[in-house]
Amino acid sequence: MSDKQYKLTFCDGSGCLKNQAREFRRVFEEELQRQQLQQNVQMHLSGCLGMCGKGPILIVNPGYIMYGHLRLEDASEIVREHLVNGRPVSRLIIQEDHLYNRFFRIFGDSEFFGRQMRIALRNCGVIDPEKIDDYLAMRGYEALAKVLTEMTPQQVIEEVKKSGLRGRGGAGFPTGLKWEYTAKQSDPEKYVICNADEGDPGAFMDRSAIEGDPHTVLEGMIIGGYAIGSRQGIIYIRAEYPLAVQRLKKAIEDARREGFLGERILGTDFSFDIRICLGAGAFVCGEETALIYSIEGARGMPRPRPPYPSVSGLFGKPTLINNVETWANIPVIIIDGADWFSRIGTATSKGTKVFALAGKVRNTGLVETPMGTTLRDIVFGIGGGIPNGKKFKAVQTGGPSGGCLPEQYLDTQIDYESLAKAGSIMGSGGMIVIDEDSCMVRMARFFVEFTQDESCGKCTPCREGTKRMLEILTRITRGQGRPGDIEKLERLGTMIQKASLCGLGQSAPNPVLSTLRNFREEYEEHIHQKKCRSHECTALLTYVVQDNCVGCGACKRVCPVNAVSGNRKEKHTIDPKLCIKCGQCYDACKFNAIAKV
Amino acid sequence: MTQVQTEKLQTLREAMQAARNDAHPESYLIGILHKVQEIFGYLPREMMDEVAQTLEIPTAHIWGVATFYHYFNLEPIGRYVVSVCMGTACYVKGAAGVLETLKKELGVEVGKTTSDGLFTLQEARCLGACGIAPVMMIGEKIYGQLDSKKTIDIINQYRKAAAEEKSAVGAEARRGKP
Numbered sequence: 001m002s003d004k005q006y007k008l009t010f011c012d013g014s015g016c017l018k019n020q021a022r023e024f025r026r027v028f029e030e031e032l033q034r035q036q037l038q039q040n041v042q043m044h045l046s047g048c049l050g051m052c053g054k055g056p057i058l059i060v061n062p063g064y065i066m067y068g069h070l071r072l073e074d075a076s077e078i079v080r081e082h083l084v085n086g087r088p089v090s091r092l093i094i095q096e097d098h099l100y101n102r103f104f105r106i107f108g109d110s111e112f113f114g115r116q117m118r119i120a121l122r123n124c125g126v127i128d129p130e131k132i133d134d135y136l137a138m139r140g141y142e143a144l145a146k147v148l149t150e151m152t153p154q155q156v157i158e159e160v161k162k163s164g165l166r167g168r169g170g171a172g173f174p175t176g177l178k179w180e181y182t183a184k185q186s187d188p189e190k191y192v193i194c195n196a197d198e199g200d201p202g203a204f205m206d207r208s209a210i211e212g213d214p215h216t217v218l219e220g221m222i223i224g225g226y227a228i229g230s231r232q233g234i235i236y237i238r239a240e241y242p243l244a245v246q247r248l249k250k251a252i253e254d255a256r257r258e259g260f261l262g263e264r265i266l267g268t269d270f271s272f273d274i275r276i277c278l279g280a281g282a283f284v285c286g287e288e289t290a291l292i293y294s295i296e297g298a299r300g301m302p303r304p305r306p307p308y309p310s311v312s313g314l315f316g317k318p319t320l321i322n323n324v325e326t327w328a329n330i331p332v333i334i335i336d337g338a339d340w341f342s343r344i345g346t347a348t349s350k351g352t353k354v355f356a357l358a359g360k361v362r363n364t365g366l367v368e369t370p371m372g373t374t375l376r377d378i379v380f381g382i383g384g385g386i387p388n389g390k391k392f393k394a395v396q397t398g399g400p401s402g403g404c405l406p407e408q409y410l411d412t413q414i415d416y417e418s419l420a421k422a423g424s425i426m427g428s429g430g431m432i433v434i435d436e437d438s439c440m441v442r443m444a445r446f447f448v449e450f451t452q453d454e455s456c457g458k459c460t461p462c463r464e465g466t467k468r469m470l471e472i473l474t475r476i477t478r479g480q481g482r483p484g485d486i487e488k489l490e491r492l493g494t495m496i497q498k499a500s501l502c503g504l505g506q507s508a509p510n511p512v513l514s515t516l517r518n519f520r521e522e523y524e525e526h527i528h529q530k531k532c533r534s535h536e537c538t539a540l541l542t543y544v545v546q547d548n549c550v551g552c553g554a555c556k557r558v559c560p561v562n563a564v565s566g567n568r569k570e571k572h573t574i575d576p577k578l579c580i581k582c583g584q585c586y587d588a589c590k591f592n593a594i595a596k597v
Numbered sequence: 001m002t003q004v005q006t007e008k009l010q011t012l013r014e015a016m017q018a019a020r021n022d023a024h025p026e027s028y029l030i031g032i033l034h035k036v037q038e039i040f041g042y043l044p045r046e047m048m049d050e051v052a053q054t055l056e057i058p059t060a061h062i063w064g065v066a067t068f069y070h071y072f073n074l075e076p077i078g079r080y081v082v083s084v085c086m087g088t089a090c091y092v093k094g095a096a097g098v099l100e101t102l103k104k105e106l107g108v109e110v111g112k113t114t115s116d117g118l119f120t121l122q123e124a125r126c127l128g129a130c131g132i133a134p135v136m137m138i139g140e141k142i143y144g145q146l147d148s149k150k151t152i153d154i155i156n157q158y159r160k161a162a163a164e165e166k167s168a169v170g171a172e173a174r175r176g177k178p
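Residue numbers (my numbering), protein chains in the order written: chain Y, 1 to 597; chain B, 1 to 178.
Rather than coming from a laboratory, the hints here were simulated on the basis of the structure. Quick caveat: nothing in here was measured; it's all calculated off a predicted structure. Note that beta-carbon positions come from the ideal geometry of N, C-alpha and C, so glycine has one too. Honestly, I wouldn't trust all of these hints.
Simulated pairs of lysine-lysine, DSBU-like, Cα-Cα distance not exceeding 30 Å [said to hold, decoys possible]:
1. B/K141 - Y/K577
2. B/K35 - Y/K249
3. B/K103 - Y/K596
4. Y/K458 - B/K141
5. B/K112 - Y/K249
6. Y/K530 - Y/K556
7. B/K8 - Y/K590
8. B/K35 - Y/K467
9. Y/K590 - B/K149
10. Y/K581 - B/K149
11. Y/K571 - B/K149
12. B/K103 - Y/K249
13. Y/K250 - B/K8
14. Y/K531 - B/K35
15. B/K150 - B/K112
16. B/K8 - Y/K596
17. Y/K391 - B/K149
18. Y/K250 - B/K141
19. B/K141 - Y/K581
20. B/K8 - Y/K556
21. Y/K131 - B/K141
22. Y/K467 - B/K141
23. Y/K577 - B/K8
24. B/K149 - B/K8
25. B/K150 - Y/K317
Listing some non-contacts, in silico: residues in chain B with all C-beta distances to chain Y over 10 Å [stated by the list, open to error]:
26. Q10
27. L12
28. S27
29. G31
30. M48
31. D49
32. Q53
33. T54
34. P76
35. T88
36. V110
37. D116
38. R125
39. A162
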């Protein structure tokens, strides 16, 4: 790395030369001398870039900012504003240069990143999240400046509406409409909330987005505050994410210092500030009314809606709540425009979605792709498929509120409607890949155990119903399943869905109902044949020594209950009556001579 | 009251002062409980009363809140809190095995503290480190891609560090004697 602050590349192709490229460069160099900046910049020439219609062209790094149609008098403005003040001159930037392109230019070579399209996560990995200057170099806070100087609140709302952006927290409510409803309220005291209570097990989109680019969330919130007429924003974030909290605190301080937060932002009449509220480990607080109670210092228990928070939210005032990823999209929509944004995605779902890809897949991590990408593209394309030669069984989306989709749904195009039609949900973006080693009954039991524990206890169907479902599922995995259990689970599940107050209860049975629909045979095997095909339910398996046993005695030595017998160099046997199925013999055998049946 | 306790109480009182100046002091309650836990390691009964009096919120309400949220400990905890992630990705990659290993190795059940006061074993909801599942967190440090051997090695590192610290302190104390 050079110690120069900026690296400038001037296109020296014949197309640009026809448009006074060399004269421009001369004027530019004079300007650098006048400002005594020669030491800070490194200048390069490039051959023809091929964008001859827009010459002369200058590229400024860091940030890959591409200026075009340059005239001699533009040189001093670029030097003064961009190189001295760190504010790229937006009117000269080539407009096809969308914000998301930076990421692609840097990481596009890698197969994992090259197939993605990063809008919300555009700066993650590109900038130093603790340096506001890095964010500014990526045209950070330019959207805020544009909104405050060129747009009325109503125009901002129209732009967000036109973009087609829908809530990324899971439910997919049109963001612009939510803004409009909140803006319409006449109460002078209003609040803006960022929901960063990412509680879904298996999801880490919001954590990474905040850790990688905290300012974009702040910028989105400030724009939201301007649009609805609020002075106060609150970020409700999990206490389990200390690094994200620390970065947010730093970002808020820096933004205040630079005049993007606080009184009279950027010299306008608009004032807005943001504070952080920590969660304390309650999944239900991701539900908006519960979240509001939690900020108010109470137990996070949902209440019936209406009234919606847009009418009566925090402290009884109109409140606009959006999820981290939703906020991160806002600056891009403002800068690149709703028209551009709405070209990405499907008919009903615009833009991109971030997924936390994890589980039995080669490339785990964060994946942002346009809506309409198929599950197969993500799991087998970007994700690289299943490791260790195992067979794909299902992909679980939407966390404890979602469902498990088997092979036949892999070509489903991801958007809110098609995932719902397939029997799962978009959710906040958790995507867990499951291979043949996982038992679907246990998977369902895992999620019900989670929701049962996280149920706030307010509604009987959710509190008692999930408990009964958990008991039945536990019995089944222990080999004590009874005929009629499946029907009972279905009846209970439907009842809980219909009779619960909030999203947690209404969606709690989804993992069970979706596995019952797509993997019913596994439930039946557990109940009727007392068999678990993935050998995960220990109560339903037997360890058997096979003929390739060499009689080394390793299994006999580790068995804690002396269930293994046999002479040295002879095939051993396991007494199923004594065996407690701890699996130590299986792990100890170097010859793979012990099988689970 | 010892010097240390007085200082701790002072820190807490300062934190509460800021909340009292706000238009909605009750909205700082969870933040203050975090502060109590940060200072004392758990939420002692007397401190709840202290918070109740300062913020003018009934103690019953505060206890209602403290018991509702998983993050708050109502009992003293060990020096190192070992939280095993029970998120979906960790579950699929064998978190249950890691938890079993820890239960055996530490000789305690989930939620309990070892008799030497060194470790408290806890289950965590998703720690958000799904890419390197299965994971556990000790203090604020995350350990990923665990198997039972790696888990035990990590625990032993902490034991060793604690023992070395103890013997260093002991040596110092002996040197200090005339």
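Verification of the hints:
With a C-alpha separation of about 43 Å, the suggested pairing of B/K141 with Y/K577 is violated against the 30 Å cut-off. The suggested pairing of B/K35 with Y/K249 holds, with an alpha-carbon distance near 16 Å, which does not exceed 30 Å. Between B/K103 and Y/K596 the CA atoms are separated by roughly 25 Å; this keeps the pair inside 30 Å, and the hint holds. Proximity of Y/K458 to B/K141 is assessed by CA-CA distance (about 35 Å); at most 30 Å being required, the pair is judged violated.
About 33 Å separates the Cα atoms of B/K112 and Y/K249, which puts this hinted pair outside 30 Å; it is violated. Only pairs whose Cα atoms come within 30 Å are accepted, and Y/K530 paired with Y/K556 is accepted, the gap being roughly 27 Å. Restraint check: the Cα-Cα separation between B/K8 and Y/K590 comes to about 56 Å, which exceeds 30 Å; the hinted pair is violated. Of the pairs offered as hints, the one joining B/K35 and Y/K467 is violated, with about 34 Å between alpha carbons and a cut-off of 30 Å exceeded.
Simply put, Y/K590 and B/K149 have alpha-carbon atoms about 17 Å apart, close enough for the 30 Å limit, and the pair holds. Note on Y/K581 and B/K149: the hinted pairing holds, with a Cα-Cα distance of about 20 Å set against a maximum of 30 Å. At roughly 29 Å between alpha-carbon atoms, Y/K571 and B/K149 fall within 30 Å of each other, so this suggested pair holds. For the hint pairing B/K103 with Y/K249, the CA-to-CA distance comes to about 37 Å; that exceeds 30 Å, so the pair is violated.
Taken as a hint, the Y/K250 and B/K8 pair is honoured in the structure, with Cα atoms around 26 Å apart against an allowance of 30 Å. A hinted pair counts as satisfied when its Cα atoms are at most 30 Å apart, and Y/K531 with B/K35 does not qualify at roughly 50 Å. About 22 Å separates the Cα atoms of B/K150 and B/K112, which keeps this hinted pair within 30 Å; it holds. For the proposed pair B/K8 and Y/K596, the alpha carbon gap of about 57 Å is over 30 Å, so the pair is violated.
A hinted pair counts as satisfied when its Cα atoms are at most 30 Å apart, and Y/K391 with B/K149 qualifies at roughly 27 Å. Restraint check: the Cα-Cα separation between Y/K250 and B/K141 comes to about 21 Å, which is no more than 30 Å; the hinted pair holds. For the proposed pair B/K141 and Y/K581, the alpha carbon gap of about 33 Å is over 30 Å, so the pair is violated. A threshold of 30 Å between alpha carbons decides the hint, and for B/K8 with Y/K556 the separation of about 56 Å lies outside it, so the pair is violated.
Distance hint between Y/K131 and B/K141 is fulfilled; the C-alpha atoms sit about 24 Å from each other, no more than 30 Å. Distance restraint check for Y/K467 and B/K141: the Cα-Cα separation of roughly 34 Å exceeds the 30 Å cut-off, and the hinted pair is therefore not satisfied. Among the hinted pairs, Y/K577 with B/K8 is inconsistent with the structure: their alpha-carbon atoms are about 58 Å apart, more than 30 Å. The suggested pairing of B/K149 with B/K8 is violated, with an alpha-carbon distance near 39 Å, which exceeds 30 Å.
This hinted pair does not check out: B/K150 and Y/K317 have alpha carbons roughly 51 Å apart, beyond 30 Å. Every Cβ of chain Y is farther than 10 Å from the Cβ of B/Q10; the closest lies at roughly 22 Å, confirming the non-interface assignment. With a minimum CB-CB distance of about 16 Å to chain Y, B/L12 clears the 10 Å threshold, and the non-interface call stands. At the 10 Å boundary, the C-beta of B/S27 falls inside the reach of chain Y, the nearest C-beta of that chain being 5 Å off.
Taking the minimum C-beta to C-beta distance to chain Y, about 6 Å, the non-interface status of B/G31 is violated against the 10 Å cut. In this structure B/M48 is separated from chain Y by more than 10 Å, as the shortest Cβ-Cβ distance comes to about 13 Å. Against chain Y, the non-interface label of B/D49 holds: every CB pair exceeds 10 Å, the least being about 17 Å. Here B/Q53 stays apart from chain Y, with its beta-carbon at least about 15 Å from theirs, past the 10 Å limit.
At the 10 Å boundary, the C-beta of B/T54 stays outside the reach of chain Y, the nearest C-beta of that chain being 13 Å off. For B/P76, the shortest C-beta to C-beta distance to chain Y comes to about 18 Å, beyond the 10 Å cut-off, and the non-interface label holds. The claim that B/T88 is not at the interface with chain Y is violated, since a C-beta of that chain comes within 10 Å of its own (minimum 3 Å). Every CB of chain Y is more than 10 Å from the CB of B/V110 (nearest about 12 Å), matching its label as outside the interface.
Distance check on B/D116: its Cβ is at least 25 Å (rounded) from any Cβ of chain Y, clearing the 10 Å threshold; non-interface status holds. The beta carbon of B/R125 is not kept farther than 10 Å from every beta carbon of chain Y, the shortest such distance being approximately 6 Å. Look at B/A162: its CB is around 22 Å from the nearest CB on chain Y, clear of 10 Å, so calling it non-interface holds up.
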